[in-house]
Amino acid sequence: MVLMTHTPPSEQDSMPKTRTGSKSQRRDRWAFVGLSAPAVIWFGLFMIVPLIFMIVISFFDWRGITSQATLAGLDNYERLVGDQRLQAAFRTTFTQIIVALPIVFSVAFMLAFFLIQRPPGYRVFRVLFFVPAMVSVAGVSMMFAGIFLPQGVVNSLLTAIGLEDLTRVWLGNLSTVKWAIIAIYLWGAIGFNTILLFASLSIVPKELYEMARIDGAGYWKRMWRIAFPLNLDFVGILVMLEYLFLLLGFAQVVILLTDGGPGNASVTLGYILFEKAFITRQLGYSQAIGVFILVIGMGGMIVIRMFTRRKYE
Amino acid sequence: MTSTLSRWLRRIGLKNETPVVYFANYALAIAYSLVILVPLYYLVAASFKSNREIFLSPLAWPTSFSFANYAAAFEKADLIKAMLTSLVVVIGTEIAVVVVGFPAAYAIARIRGKLATAGEVYFGIGFIIPTFAMLVPVFLMIAKSGLLFNPLALVLVYTAQTLAITVLLLAAVIRTIPRELEEAAMIDGAGRLQIMRRVMFPLARSGVVTVMILTFIFVWNEFIFALILLGRNVRTVQLAVPLLKGERLVDFGLLSAGVVISIVPVFIMFAFFQEKIVSGLTSGAVKG
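Keeping their order, the protein sequence lines are chains D and E. Position 92 of the first sequence, counting from 1, maps to 92 under the numbering used here, and the rest follow consecutively. Position 54 of the second sequence, counting from 1, maps to 54 under the numbering used here, and the rest follow consecutively.
The shape of chain D in the complex, shown without the other chains (with noise of 0.2 Å):
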């Protein structure tokens, strides 16, 4: 994911307003929305346009597409209220994502200011770190199915330290399950984003950290009281970014290797959204739900931003 930030337009008005140069100005202005048009509404037609759709059903009875929709005003909205699994969904989800993103900025932040130091070895460091975003969530998904097996890569580990008493099927346990599948996004989540961060660390100035230095600011200081303060505007935009994951797309491990279940031990709110909609065959009440996620999406970007934003003095 790149976040493009707006440098605005150079040499705005470089051309002299001459009567001729206005009017093939205007000409070229239209070229230009011309040459654009193909894209912007391609772009429109699959990522604004579901998003009106999707707020539209959420107010139908609508049990599949081969049936007939009918209006249910705030009925679907209701429901929300009253669902046990939504809220078993939304508990897990607030658990993991409280659990793993600290550790994931946290750990990221530690690392990609370490690899800054440009430390021996550190070029093969940034080409692993960034390995595991290059597979797929289905290969990710089927390699740990693999390894949370009970005769899996964990289990053997433990039992060779001689820790047999926690051995356990890690998908198949109702207190271990939605451990377990936050453990696969740690996997690749940290490496990816300490490359990120490596890259945004790059740009601070070095005298910046020499003058720390001097003052007399050890190793840990100038991670934390320099660097990171520095940092915090972009460390945000990519706390967002793991945040809205989380909240959904991270769906796709469920669908893969537990269905929710055992119970509703792994239910998330984005699978709880597929459920609704693929699996019970309810696309007006899927969609309140879709709405009710991007409420609390926006939500908490609005939250995490109020903390990231750099207090400029």
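Since the hints were derived computationally from the structure, they do not count as laboratory data. There may be inaccurate statements among the hints.
[Stated by the list, open to error] Simulated pairs of lysine-lysine, BS3-like, Cα-Cα distance not exceeding 30 Å:
id: 1; chain 1: E; residue 1: Lys144; chain 2: E; residue 2: Lys81
id: 2; chain 1: D; residue 1: Lys221; chain 2: D; residue 2: Lys206
id: 3; chain 1: E; residue 1: Lys114; chain 2: D; residue 2: Lys23
id: 4; chain 1: D; residue 1: Lys206; chain 2: E; residue 2: Lys276
The structure displayed is predicted, hence computed values, not measured ones.
Please arrange chain E on chain D, whose structure you already have, making use of the hints.
What follows is chain E alone, placed relative to chain D:
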């Protein structure tokens, strides 16, 4: 301590400090490297072993390299057909995204005034809204247009989903190309379309390559939209491989071979274009 180490410690300014934290970070980096590598090693090792061998000692190096799992994976998941389907979708999306995305990027990079910002904000939405939220509406739109179970549907959807990064990344690249080159062509009487094709496209080639690599990886790896838009008869790689798991995972050797096969094309890309991939994904990000 070796002299290289002490020289280097001096270089990073740790000569007169307690480098405890620093070495703790080194340990952390190595520990995380192991966390990344052990699962991948297990996956590759398992793909050459029988299920009995895997369960007997999961992390042992395979005693005899057997390609039986690979042969079985190709056959049971119909992987050749799935890979061809994925390839068709990749090629379709690549063509669409460059043909449609490049002119838009050119326009955004060169148009004067507020429209450029408006365009960037518009495509920027693509980074904020998770596509997963749109599964149902997109499914319904594709179903109504009669394209369900047709790989073409994936080309339509993936193109839209990759346009955001394509347009913004290419616009940033095009901005670095001096305007004088176009102005010269314009004096020679070339129109905008001609300038774009003959002057800008060749100059922005490296940006186009970056976009195409990122698109390849995204499309090859995409799972959820393929799952809801394709049926039992047509599968992409990402849909075919999980078939090897079955209801209960009984043959991990077979499954791991399938996963390895599905990973190889992306890893080859990564091996050749690692710098382009990382910089493509981070470019611009750091300017914020």
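Against the structure, the hints:
no.: 1; hint: Lys144/E / Lys81/E; in the structure: holds (27 Å)
no.: 2; hint: Lys221/D / Lys206/D; in the structure: holds (15 Å)
no.: 3; hint: Lys114/E / Lys23/D; in the structure: holds (18 Å)
no.: 4; hint: Lys206/D / Lys276/E; in the structure: holds (25 Å)
Consistency with the previously given hints is maintained throughout, with no hint failing.
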